[in-house]
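Number of protein chains: 4
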Amino acid sequence: MSTATEKVLRRRLIQRPAEPGVRQTLYDVIFEADSTLGRGFDIALLVAIIASIVLVSLETVPEYGLQRDPKSETPVSTLATWFWVLEWFLTILFTIEYALRLYCVRHPLKYAFSFWGIVDLLSILPSYLALFVEYSAKSFVILRSVRLLRVFRVLKLWRMMSQADELADAVWKSREKIIVFLAVVLVAVTISGTLMYQIETVLMGSSHESDFTSIPQSMYWAIVTMTTVGYGDVVPHTTIGKIISAALILLGYSLIIVPTGFVSAELSSKLVTTTERHLCSQCGLSNHRAGAVHCDRCGHRLDDVIPAVSSPDGSQGS
Amino acid sequence: MSTATEKVLRRRLIQRPAEPGVRQTLYDVIFEADSTLGRGFDIALLVAIIASIVLVSLETVPEYGLQRDPKSETPVSTLATWFWVLEWFLTILFTIEYALRLYCVRHPLKYAFSFWGIVDLLSILPSYLALFVEYSAKSFVILRSVRLLRVFRVLKLWRMMSQADELADAVWKSREKIIVFLAVVLVAVTISGTLMYQIETVLMGSSHESDFTSIPQSMYWAIVTMTTVGYGDVVPHTTIGKIISAALILLGYSLIIVPTGFVSAELSSKLVTTTERHLCSQCGLSNHRAGAVHCDRCGHRLDDVIPAVSSPDGSQGS
Amino acid sequence: MSTATEKVLRRRLIQRPAEPGVRQTLYDVIFEADSTLGRGFDIALLVAIIASIVLVSLETVPEYGLQRDPKSETPVSTLATWFWVLEWFLTILFTIEYALRLYCVRHPLKYAFSFWGIVDLLSILPSYLALFVEYSAKSFVILRSVRLLRVFRVLKLWRMMSQADELADAVWKSREKIIVFLAVVLVAVTISGTLMYQIETVLMGSSHESDFTSIPQSMYWAIVTMTTVGYGDVVPHTTIGKIISAALILLGYSLIIVPTGFVSAELSSKLVTTTERHLCSQCGLSNHRAGAVHCDRCGHRLDDVIPAVSSPDGSQGS
Amino acid sequence: MSTATEKVLRRRLIQRPAEPGVRQTLYDVIFEADSTLGRGFDIALLVAIIASIVLVSLETVPEYGLQRDPKSETPVSTLATWFWVLEWFLTILFTIEYALRLYCVRHPLKYAFSFWGIVDLLSILPSYLALFVEYSAKSFVILRSVRLLRVFRVLKLWRMMSQADELADAVWKSREKIIVFLAVVLVAVTISGTLMYQIETVLMGSSHESDFTSIPQSMYWAIVTMTTVGYGDVVPHTTIGKIISAALILLGYSLIIVPTGFVSAELSSKLVTTTERHLCSQCGLSNHRAGAVHCDRCGHRLDDVIPAVSSPDGSQGS
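Residue numbers (UniProt numbering), protein chains in the order written: chain A, 1 to 318; chain B, 1 to 318; chain C, 1 to 318; chain D, 1 to 318.
Each hint can be trusted.
The list treats identical chains as one, so a pair stands whether inside a single copy or across any two.
Derived SDA-like pairs (lysine to any residue); straight-line CA-CA distance at most 25 angstroms:
hint	residue 1	residue 2
1	Lys173	Asp42
2	Lys110	Ile14
3	Lys173	Ala247
4	Lys173	Leu186
5	Lys173	Leu255
6	Lys173	Ser254
7	Lys173	Leu155
8	Lys110	Arg23
9	Lys173	Arg39
10	Lys110	Val154
11	Lys110	Ala99
12	Lys173	Leu250
13	Lys173	Ala183
14	Lys110	Gln15
15	Lys173	Asp34
16	Lys173	Ile43
17	Lys173	Leu46
18	Lys110	Glu32
Please keep in mind that the hints were generated in silico from the structure rather than gathered at the bench. Note that the coordinates shown come from a computational prediction; the quantities given were computed from them, not determined experimentally.
Next comes chain A alone, as it looks inside the complex:
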């Protein structure tokens, strides 16, 4: 919360043009979401980004036949023309936006080499580069896919929401537990993968065909199974394999619910602590409800309602 506000303030101090004028106004519209215009710009951008992602991904559907070379003699379909027009319209829009961003920040180079700056550049560059690359070549297809990095810009709406930091914070705080958890998963996956490979392939002999062709394949099965994804492309075929598999599923299930519980508990405790913490200056009772005016033990007036963020235990994040 307030750390997020501080971050916003710090960024504004660094990047917002100091003197009032066109650049400052533009900065407020493009980079901030406080004004009506700024919020409108954000929503328009969001729509443009999602439209652009839909376009770029639909381009690869073979049935629409959009990956042909427009320079060739084969008549281009109307659909392809529309896609081409829309794609260039959006590309030019994003180019203008990128130029404006560079224009209105105080330190354009700093922005250009920041994470968002690079994402913005990668969103438009491939469209221009593609003009010089041979059509239907592999590198062409890959190049055009780079435009899909645009999707990262959806995350810019992050700042619209006050709760996002809380979520990121809860995940970040659970990082050590997640590492321990990944170590346990690594061990479980390796051991169960090896076991199933031995049983299904080595022990059972070549009388029946096995899906567990190698240990990496078995590990892939173990991960797919323990996370309850269960594609079904690799399944045990022997009775012993099925029994061990069932046991591993139950074990894996018990194992994988633990991090869920941890994140849930972290969020739970966060919610409890942030909504219930005030200190009475007379009797020292803390942990009052949000909005409490009198101490509920001694009845003393809680004049100095200390907001949760200033509590000294550092539970308010990073």
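Please arrange chains B, C and D on chain A, whose structure you already have, making use of the hints.
Relative to the frame of chain A, chains B, C and D by itself:
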């Protein structure tokens, strides 16, 4: 909650006929669930709705041969006749119910254009319209399916349960977090979908057939995988694809447990606060902490600590 | 907890033979788990039940060829003989146990018609009845399967665990929420099933084969999908079907995490309340930690530690 | 926790060489993670273990052709040579490490027969034994797989993390509930497996082929379904089977969320209590409720309310 009670009271003030009589009695039976008759009516309606849904869906099973034209020469099976009889019996029942509803509310037009009014109309209209539409035509099948909107009426039993609002409330409160979560999912799905498409189709060449035929198809795979549904109709076939897929599964799993934790935490904190509530006899503030001696709003001594079970909103169950 | 203890005491008062002697000693061994012998009996019984379940289920595996008629001329395999011997050994054991149970309770008929009495009878009766039924007949196979109801007796170890009631209680308390949840699931399943049936089968025409052959089949798909089971036997084949399917998966996922959160929250609040509740007789502060000796507000000695169960709010179940 | 710290201290007292010197320095580097060198050693070991696991598992991929006999005439591929070199490099590294460990502990035999000592030995022994075993024999492949037990050594990084004990503790505390849960799952799996076998195979006759060939197969299906893994290799084919299957899925889902809730609740309550702990200066009792004024064991006034962050067990993270 009290807001729910208020809503019920407001609706009653608006729609319940003012003068006592047949209409008011009918209104109490059909719209309210307080009396024995009203509760009985609700249960009878529930049974009728569920029976009707079973009927309409079984009609589409090809083995039962119920989609034939009864006007044709082919002898109709006894089963089809039974279905026809039951369906018309229920349709007429729902028609009478709809007519009575219109009759006993104070402002029939207001009801007719409300959500429930439209659902009620759509539940019976297709049966009558179907008489004029050619059998076995596409539009006929679609038309008859509209009757399945009846299922929404099951939600009318919502008011029977005091806990439903709590559930809806918890989901509603988590809405901002859910939007953030969906944005993160959108980014993860786009990036991982594009990556898998590149690896499985473009990089690996045409030596083996790939399930990742296009980016939308890959995104479909990413959603099916990250939510641990895992149909198995689209699976990676290359070793690199499997390794990246396994990594994405673990990442996706970590990602998707977060909203579970949020809703869980929201409900948890709610439950903790609702089970620890005390009423101040002076200012009427409820919801004090367990063990509170003074009201935290007015400082009045809470002599009469009213246990949670006697709170008037009925959140203590059965 | 203490309600469970009360139940045990009540049962003992009713069913335990009043006068000391062989019957009372036998009763304590067979029905109670307090003594070393009683506990040993419980564990032995548990092993016998699990062994018997394994036997009965392995009998149906076609490869072992155990379903043949032993009276026929075909030489019975050694494995089949072993199965036969073990099965009869266990059946006779269970028969003796059943007889002893009937012998040592005060009211044998009351026991015979109780849930456990019927389960005990159904565990042994089919073995004897099977002697008079023709082998390899359908009814024979079904009859022998009835013996698997023995598995219910595993639940007898329930009383070994103090935590079982807590679990059952948490589930029971969430029953209203679970009904609401099932109503919401019913609506979601019907609407999404109908929608997918329309799109995949009716709208798309007969140009491609669809897995959504009827509305019940589509509903089956919706349940399999929303619970993230995802067999993959019914999957969308059209692009529009896949997009709608992906949207439904995300919606369904959001929907299905709610009851998880509810049960989790219920258990959470329970744990918090049961571990922290004691009343100070001087200042009236409740909610002390388990094991607290002095009131943590006024320092008064907590002579009268009132167990959690006697708190008036009825949160201790049933 | 402090028990973990005690364990470390006890181990150090027993196994750390008493007199200063080379052995003590080596012990601190190899067994402890306090010093920079010790931490560096741990990380290097971690990298080596993971590299070795990747190597051993890739060896079994048929496409790489690494399972051939290098003594045969067939020219070994460059890749195979590289694998061979790396594998022996790592084996020798692990051998040196094992020798050093035996050298620097006070009681080498005690270490050699401890869990970690056996894992260390099993990590290197198969490589040496494999020299004397015929290539491409079954026993050879199994022998080499034993090396994958190395993965257990990843768990040595456990001590790097203060949170691991908390996780293990939460799982351990839930053990009774997990046993109850497994008993309930066993009953549900047996009953639903038998039911589906009866319906799909026995009742439906031989007119269609069934995936439910035996009761164990049906139980395998029940476990795969109830844990929401859903491979799709065993699916119901009859309409009645699908209806019962859908009901079982919903029931199983309700059932399986319970342990998730339990672990989550256990962790939640743990987190709440660990963040709200105060130390009594008289008797040393920690872990008082937030807002406690008197120690609840000795009644001494808690003048010095020590905030949670300064608690000595390091549970406050990084």
